[in-house]
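So the protein sequences, as listed, match chains A and B. Mapping the first sequence onto numbering that gives the first Met the number 0, position 339 (from 1) lands on 338, and the numbers just tick up by one. Mapping the second sequence onto numbering that gives the first Met the number 0, position 3 (from 1) lands on 2, and the numbers just tick up by one.
Certain hints may be false.
[As the list claims (entries may be wrong)] These stretches of chain A come out as covered by chain B in the derived footprint (C-beta under 8 Å, 3 or more residues):
1) 72-82
2) 90-103
3) 209-221
4) 281-288
5) 375-387
6) 416-426
[As the list claims (entries may be wrong)] The calculated label-pair distances, taken between Cβ atoms and stated as ranges, are:
7) A:LYS289 - B:ASP84: 27 to 37 Å
8) A:SER385 - B:GLU5: 47 to 57 Å
9) A:ASP428 - B:LYS1: 47 to 57 Å
10) A:ALA364 - B:HIS86: 11 to 21 Å
11) A:ILE216 - B:ILE99: 13 to 23 Å
12) B:GLU31 - A:GLN371: 14 to 24 Å
13) B:PHE25 - A:LYS123: 29 to 39 Å
14) A:ASN52 - B:MET32: 16 to 26 Å
15) B:PHE25 - A:ASP428: 48 to 58 Å
16) B:HIS86 - A:LEU104: 54 to 64 Å
Keep in mind that the hints were calculated from the coordinates and are not lab data. Quick reminder that beta carbons are idealized off the backbone N, C-alpha and C, glycines included.
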Amino acid sequence: MREKIRIGCGAGFSGDRIEPALILTEKGNLDYLVLECLAERTIALAQKRKLQNPDLGYDVLLEKRISGLLPLLVKNKTRLVTNMGAANPIAGAKKIIELAKEQGLDVKVAAVIGDDVFSFFTGKEISIENERPIDSYGKLVSANAYLGVEAILPALASDADIILTGRVADPSLFLAPMIHEFGWEVDDFEKMGKGTVLGHLLECAGQITGGYFADPISKPIPDMDILGHPFVDIFSDGQGFISKVEGTGGAITVQTAKEQLLYEVLDPFHYYTPDVIADFSTVKIEEISKNQIQIKGGGGSSKPETYKVSVGYEAGFRGTGEISYAGAHAVERGELAAEIMSLRLKDKIENLKIDLIGMNSLHPAELAQNSQPYEVRLRVTGMCDSLPLAQEIGEEVEALYTNGPAGGGGARKYVEQVVGVISTLLERDQVKPGIQLFST
Amino acid sequence: MKKLAEIAHSRAGDKGNILVLSLIPFDPSDFEMLVNKVTAESVKEHLKNQVKGTVTRYVLPDLKAMQFTCTDALAGGVTTSLSLDAHGKSLSYALLEMEI
């Protein structure tokens, strides 16, 4: 058993930058690289791609991310753990093998499966959000359970270089290597909690190095253009030291870590993952040196008895149109355009939202008191059952050019098919995780 | 009167239709004062046109931080919301507009 391992996080969401992971893998002296690329909605969209083509359904950027990383991972003997398998880890694993062969590299890939529980869903399960049966929301397109470390550990026990999962809880991607290397017991909830704290701090990559933090007035961060992604040195007792590669931009401080520790945490005393109900309230963060912090404390008590399942459903079509006004009476002309749009569309589209970007599109209107922008942009958006109706919103906004207030410019229109996501719970014994191995 | 933005920083997170806002003083010695002045009730009042549900406050003395968990706050949540900022990522700065 080892005393210390180093895990880096090179992506914190599906659209994250590619370069920081390359730098981490090349210069970070990592034992493990984690790429967290799967949000709630991402997997539902991936499921739709898989329906159209059974060879797809893995992360759309998988080829782009993995191609550049492969030679570095092989050279530095760094294992990769990533949820880029999305809706189809098996097809993703085959694609990675294909990419490795093209580069003449020898790799083994383990696909972690079992999170896809759609086939035995009845639709009568009750949603957590509104306590309604899930099939009352719309046509269901996907159901994926958030698996924990139990699904990843068999893959780590194999000789796979790359572990490709579908839906697993984000911190579990980090906790599993700790358990594997340190021989922690999965019912040692104190350790599970500490490892989950570290995983949670790392899982959004740049969000602990100054991304989503920087404010040039109150929270300045240097060299944002070359923002580095973090790594953590974890010791077998569960304490960690978080840092980043020398020469990269950004900053790791007590402040960046506090913001990230609490990010998306509903209850800091009870943070639920499939592995543990973790307590974040006792975490201690201390700055050791520039861009290096020590994380101690944190813990956990038990683990949830059920798995959370993310269910995707077809929610209709969202149509949007935008047009801008500037200069004298810009706000008044924008307000007139908004009134015209409301009168032209309200009888056809029930669920319509009209904002003036620059005034009230992000925050409640009353917070914008006394502000008088030079430019405003009208935004009209609505949810519709049909594509043609959704398109009509953008068409009406565009027509404001010649049928609306003076000086409207820069009209844009677009439509998206919307996949909604709701959650339900599933008994643990109904889910059967497994792995499949592939080699070059 | 001061705006919270002068004293503290915040990060917004989302889980479905639930908005989570942290509040962290720049100077840890301001923590007690923030605990006294920024309550679940005052945050609910400040964000009443954003947060349709309840506000629960978690006080974290070890971290010198607070967390506000706001239900029914994101127009349905990221997937089906009609808001420009469907995640509510900009709403940390809505909290920081609060005056104390």
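Hints the structure violates: just list their numbers, smallest first. Structure breaks hints 1, 2, 12, 13, 14, 16.
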